[in-house]
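Taken in sequence, the protein lines are chains Z and G. If you use our numbering, the first sequence corresponds to residues 1 to 279, in order. If you use our numbering, the second sequence corresponds to residues 1 to 157, in order.
No lab work stands behind these hints: they were computed from the structure. Nothing here was measured: the structure is a model prediction, and the numbers come from that model. Accuracy of the hints is not assured; some may be wrong.
To be verified - Calculated pairs, DSS-like style, for lysine-lysine (alpha carbon to alpha carbon, straight line, at most 25 Å):
no.: 1; chain 1: Z; residue 1: Lys59; chain 2: Z; residue 2: Lys137
no.: 2; chain 1: G; residue 1: Lys126; chain 2: G; residue 2: Lys85
no.: 3; chain 1: Z; residue 1: Lys237; chain 2: Z; residue 2: Lys174
no.: 4; chain 1: G; residue 1: Lys151; chain 2: Z; residue 2: Lys90
no.: 5; chain 1: Z; residue 1: Lys174; chain 2: Z; residue 2: Lys137
no.: 6; chain 1: G; residue 1: Lys88; chain 2: G; residue 2: Lys156
no.: 7; chain 1: Z; residue 1: Lys90; chain 2: G; residue 2: Lys85
no.: 8; chain 1: Z; residue 1: Lys169; chain 2: Z; residue 2: Lys265
no.: 9; chain 1: G; residue 1: Lys116; chain 2: G; residue 2: Lys151
no.: 10; chain 1: G; residue 1: Lys85; chain 2: Z; residue 2: Lys83
no.: 11; chain 1: Z; residue 1: Lys83; chain 2: Z; residue 2: Lys8
no.: 12; chain 1: G; residue 1: Lys151; chain 2: Z; residue 2: Lys8
no.: 13; chain 1: G; residue 1: Lys3; chain 2: Z; residue 2: Lys90
no.: 14; chain 1: G; residue 1: Lys119; chain 2: Z; residue 2: Lys8
no.: 15; chain 1: G; residue 1: Lys144; chain 2: G; residue 2: Lys116
no.: 16; chain 1: Z; residue 1: Lys21; chain 2: G; residue 2: Lys151
no.: 17; chain 1: G; residue 1: Lys3; chain 2: Z; residue 2: Lys46
no.: 18; chain 1: Z; residue 1: Lys59; chain 2: G; residue 2: Lys151
no.: 19; chain 1: Z; residue 1: Lys59; chain 2: G; residue 2: Lys37
no.: 20; chain 1: Z; residue 1: Lys8; chain 2: Z; residue 2: Lys21
no.: 21; chain 1: G; residue 1: Lys3; chain 2: Z; residue 2: Lys83
no.: 22; chain 1: G; residue 1: Lys144; chain 2: Z; residue 2: Lys83
no.: 23; chain 1: G; residue 1: Lys85; chain 2: G; residue 2: Lys3
no.: 24; chain 1: G; residue 1: Lys151; chain 2: Z; residue 2: Lys3
no.: 25; chain 1: Z; residue 1: Lys19; chain 2: Z; residue 2: Lys3
no.: 26; chain 1: Z; residue 1: Lys59; chain 2: G; residue 2: Lys70
no.: 27; chain 1: G; residue 1: Lys88; chain 2: Z; residue 2: Lys3
To be verified - Some chain Z residues near chain G, calculated using beta-carbon distances under 10 Å:
no.: 28; residue: Ser18
no.: 29; residue: Asn35
no.: 30; residue: Phe45
no.: 31; residue: Gly60
no.: 32; residue: Pro99
no.: 33; residue: Ile101
no.: 34; residue: Gly181
no.: 35; residue: Tyr250
Here a beta-carbon is modelled for each residue, glycine too, at the ideal position from N, C-alpha and C.
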Amino acid sequence: MVKQILPKNLSEVLELISKEKYRFCAGGTDMLIQNHNLKTLPIDFKDNIIYTFNLEELKGITEDEDFITIGASESLESILENKITPQILKDTILQMASPAIRHSGTIGGNIGNASPAGDLLVPLYLLNAIVQLQSLKGIRSVLLSDFITHVRRIDLRDDEIITKIIISKINFDKHQFVKVGPRLSDAISKLSFLGAVSFHEDKVIDLRFSFGAVNITVVRRPEIEAQYIYKTKEELKNSVDELLEKYSEYIRPIDDQRSNKEYRKTVALNLLRNFIEEL
Amino acid sequence: MAKIDFRLNGVPVSIETQLNRRLLDVLHEDFDLIGIKEGCGEGECGACAVLFDHEIINSCSVPIANCANKDIVTIEGFSNTSRYKILKDAFEEEGAVQCGFCTPGMMIAAESLLNKNPKPTTEEIKIGLSGNLCRCTGYNMIIKAIQRAAKVGEGKW
Chain Z
1 MVKQILPKNL
11 SEVLELISKE
21 KYRFCAGGTD
31 MLIQNHNLKT
41 LPIDFKDNII
51 YTFNLEELKG
61 ITEDEDFITI
71 GASESLESIL
81 ENKITPQILK
91 DTILQMASPA
101 IRHSGTIGGN
111 IGNASPAGDL
121 LVPLYLLNAI
131 VQLQSLKGIR
141 SVLLSDFITH
151 VRRIDLRDDE
161 IITKIIISKI
171 NFDKHQFVKV
181 GPRLSDAISK
191 LSFLGAVSFH
201 EDKVIDLRFS
211 FGAVNITVVR
221 RPEIEAQYIY
231 KTKEELKNSV
241 DELLEKYSEY
251 IRPIDDQRSN
261 KEYRKTVALN
271 LLRNFIEEL
Chain G
1 MAKIDFRLNG
11 VPVSIETQLN
21 RRLLDVLHED
31 FDLIGIKEGC
41 GEGECGACAV
51 LFDHEIINSC
61 SVPIANCANK
71 DIVTIEGFSN
81 TSRYKILKDA
91 FEEEGAVQCG
101 FCTPGMMIAA
111 ESLLNKNPKP
121 TTEEIKIGLS
131 GNLCRCTGYN
141 MIIKAIQRAA
151 KVGEGKW
């Protein structure tokens, strides 16, 4: 029989996971559905579970001069409604699920799930998000792009829990998030695209792209982005074909029930082209 | 088994339960509150919506563990309020109810929206209802009903 724990505080969680293996359930919006079987209600969890949604230590959105820190159990809707949340994150959240799901679903859950189609991961990769993990041994900080190692696989040790997500405070001159799904809400992405750029006197000083649901995790290629820094807007626009060719290598989607690889790849690259051409 | 205390329709309640039960099942089985429906069971249709600390959630996608010390209001509890009366009249006036299966969820979505935003634009109403499916009305009557309720009930939200 699996154990189910509703912990009083984070210390209790750290003690428990230092001794035995547990899975975490935050909002439950994915875990309940993944394990839902009408014949075996209540939900048939196969592992020991710790419920983390209401842990006070995992709540809160704070800022200092350079960074914004978001507690892992903050719901998507509370992040959306918070004044200090960057617009780029808000634009993404607004296209995720529905208000009801956004009130339950959490940022830590979206990261822990590590779905290739996790929409929130797209801006978090673009913002170089850092995931903070805690165990009895201390705190470990990992770049999100290193933390997610494969489809639904994360670099979380058995004695660790995701406590915070840290993003740098940054504004872009222009950003655009496009989600392609079968309908506007409550849809899992066929693919998504996020572009962001800043100029100084007509020269590119920051350029970032991330793509969702077109590879095992979000595609972000800083080494390609860096090749276009200090180009003028015109030069950037003139290099659009070359840019698409460079990304083409990394846009490697699959066929599944939501879409097929040809469609996903074509649309992803078209969205990149549109973003550049409309600058 | 664990003890979970929460407020249900304004009344403090306490149950001994398995933590992995869905809030939906607890409301149906332990409290006989059957106004909310299980439509899809996957968080996509909104027929099981309730207010969770005054915000809409899908009770099919919430483990009872997450409800400890929360304030849960179902359509039954909401129906005792003056806001409900305004919404009910508006839904009737605009023909926003046909088969009625989605209606409790629609009313909860409307309350969750108006509580935060008493004068929503049409676009904001559409976002507010975006997690609730209706296969009868085509939505236009429901949107009009919420616009009417916001106007008639000005100052109530």
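These are the hints, each one checked on the structure:
1. Lys59(Z) to Lys137(Z): holds, 21 Å
2. Lys126(G) to Lys85(G): holds, 22 Å
3. Lys237(Z) to Lys174(Z): holds, 15 Å
4. Lys151(G) to Lys90(Z): violated, 29 Å
5. Lys174(Z) to Lys137(Z): violated, 42 Å
6. Lys88(G) to Lys156(G): The hint holds at about 14 Å.
7. Lys90(Z) to Lys85(G): violated, 34 Å
8. Lys169(Z) to Lys265(Z): violated, 31 Å
9. Lys116(G) to Lys151(G): holds, 15 Å
10. Lys85(G) to Lys83(Z): Distance ~34 Å between Lys85(G) and Lys83(Z) Cα, so the pair is violated.
11. Lys83(Z) to Lys8(Z): violated, 29 Å
12. Lys151(G) to Lys8(Z): violated, 44 Å
13. Lys3(G) to Lys90(Z): violated, 37 Å
14. Lys119(G) to Lys8(Z): violated, 39 Å
15. Lys144(G) to Lys116(G): Roughly 18 Å between the alpha carbons, so the hint for Lys144(G) and Lys116(G) holds.
16. Lys21(Z) to Lys151(G): The hint is violated at about 54 Å.
17. Lys3(G) to Lys46(Z): It holds: about 22 Å lies between the C-alpha atoms, which stays within 25 Å.
18. Lys59(Z) to Lys151(G): violated, 36 Å
19. Lys59(Z) to Lys37(G): At roughly 31 Å apart (the allowed maximum being 25 Å), Lys37(G) and Lys59(Z) break the hint.
20. Lys8(Z) to Lys21(Z): holds, 18 Å
21. Lys3(G) to Lys83(Z): At roughly 36 Å apart (the allowed maximum being 25 Å), Lys83(Z) and Lys3(G) break the hint.
22. Lys144(G) to Lys83(Z): Given pair Lys144(G), Lys83(Z) is violated - Cα atoms ~30 Å apart, limit 25 Å.
23. Lys85(G) to Lys3(G): violated, 35 Å
24. Lys151(G) to Lys3(Z): violated, 51 Å
25. Lys19(Z) to Lys3(Z): Distance of about 13 Å is within 25 Å: holds.
26. Lys59(Z) to Lys70(G): holds, 16 Å
27. Lys88(G) to Lys3(Z): Violated. Lys88(G) to Lys3(Z) sits at ~44 Å, over the 25 Å cutoff.
28. Ser18: Constraint on Ser18(Z) not satisfied, violated at 21 Å.
29. Asn35: Holds: closest Cβ of chain G sits about 8 Å from Asn35(Z), inside 10 Å.
30. Phe45: Since chain G brings a Cβ to about 6 Å from Phe45(Z), closer than 10 Å, the hint holds.
31. Gly60: Interface hint status for Gly60(Z): violated (16 Å vs cutoff 10 Å).
32. Pro99: Holds: closest Cβ of chain G sits about 6 Å from Pro99(Z), inside 10 Å.
33. Ile101: Check passed: Cβ of Ile101(Z) comes within 5 Å of chain G, closer than 10 Å.
34. Gly181: This hint is violated: Gly181(Z) lies away from chain G, its Cβ roughly 12 Å from the closest one there, beyond 10 Å.
35. Tyr250: For Tyr250(Z), the interface hint is violated, since the closest Cβ of chain G sits about 32 Å away, which is over 10 Å.
Consistency with the previously given hints fails for numbers 4, 5, 7, 8, 10, 11, 12, 13, 14, 16, 18, 19, 21, 22, 23, 24, 27, 28, 31, 34 and 35, ordered from lowest to highest.
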